[in-house]
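Can you make the complete structure from the sequences, with help from the hints?
Number of protein chains: 2
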Amino acid sequence: MESENIADKKFQKELNAGTTALVLLATMKNSMEQLYGYQIAKHLESDSEGEPMIKQGALYPVLRSLENSGLLESQVEPSVSGPPRKYYKITKDGQMTLERWMEIWENTKLFVDSVLTGGKNG
Amino acid sequence: MESENIADKKFQKELNAGTTALVLLATMKNSMEQLYGYQIAKHLESDSEGEPMIKQGALYPVLRSLENSGLLESQVEPSVSGPPRKYYKITKDGQMTLERWMEIWENTKLFVDSVLTGGKNG
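The listed protein sequences derive, respectively, from chains Z and H. Just so you know, we're using the working numbering here: the first sequence kicks off at 1 and counts up by one. Just so you know, we're using the working numbering here: the second sequence kicks off at 1 and counts up by one.
Just so you know, these hints were derived from the structure itself, not from any lab. From a predicted model like this one, the values you see are computed outputs, not experimental measurements. Warning: the hint list may mix true and false statements.
What the hints assert, rightly or not - If you want a taste of the chain H side facing chain Z, the calculated C-beta under 7 Å gives, among others: (1) PHE11; (2) ASP47; (3) PRO52; (4) LEU59; (5) VAL62; (6) ARG100; (7) PHE111.
Where a beta carbon is used, it is the ideal one built from N, C-alpha and C, also for glycine.
Below is the structure:
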């Protein structure tokens with residue numbers, strides 16, 4: 001049914017909205033080099049099966065927000081083949097934040113999964 | 001630092017916003033009886049360690065949204081000790097939706113964890 005797809009898409013979109021910042025920080029932490037938006041999108045596509053979990057257009061506002069919070073920093077560099085590119089790298093603060101967010105993510109998974117399996121903890 | 005707490009709270013809040021509808025559907029599916037808001041909040045507290053993952057005030061808008069989407073249905077019943085209570089139960093459509101959302105949740109976990117561990121799939 002059409003309504004199922006709408007509800008499912010809304011749910012996936014809300015989940016993604018909650019995880020994108022974590023995913024981007026981790027991607028930048030694990031990258032050996034600075035990346036610009038299109039490269040980040042390509043990295044994430046290679047981690048997704050089928051349709052990319054996070055659409056490219058959804059990355060840019062989160063990249064800007066992470067930069068505004070001091071968790072990423074960027075540098076604009078000219079490109080031979082087009083307009084200048086904004087390269088991102090993770091800051092020291094971003095790395096420390098990532099550590100804490102990974103713990104928050106683990107706790108959230110534990111909580112959600114304990115509800116899904118209908119059990120109490122312990 | 002104060003700024004760390006703000007970033008962490010924002011992250012936790014966004015994660016919760018993405019998972020609350022799933023958690024509520026699962027809670028209602030697993031409950032043997034109809035529940036009203038306060039009871040649902042208590043159920044979720046018993047699944048959380050320490051501070052409840054989802055605050056009670058955050059439940060009501062999601063309950064209403066799930067009801068508007070036909071995934072929950074409600075019935076108002078008088079209470080001897082106070083104002084009438086709105087009891088919720090999951091609908092057939094809600095149960096089918098929950099099955100699909102659990103799959104979306106599994107896939108999202110796999111994707112996020114694959115990025116966090118820095119590996120490609122497969």
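Hint numbers not upheld by this structure, sorted from lowest to highest: 3, 4 and 5
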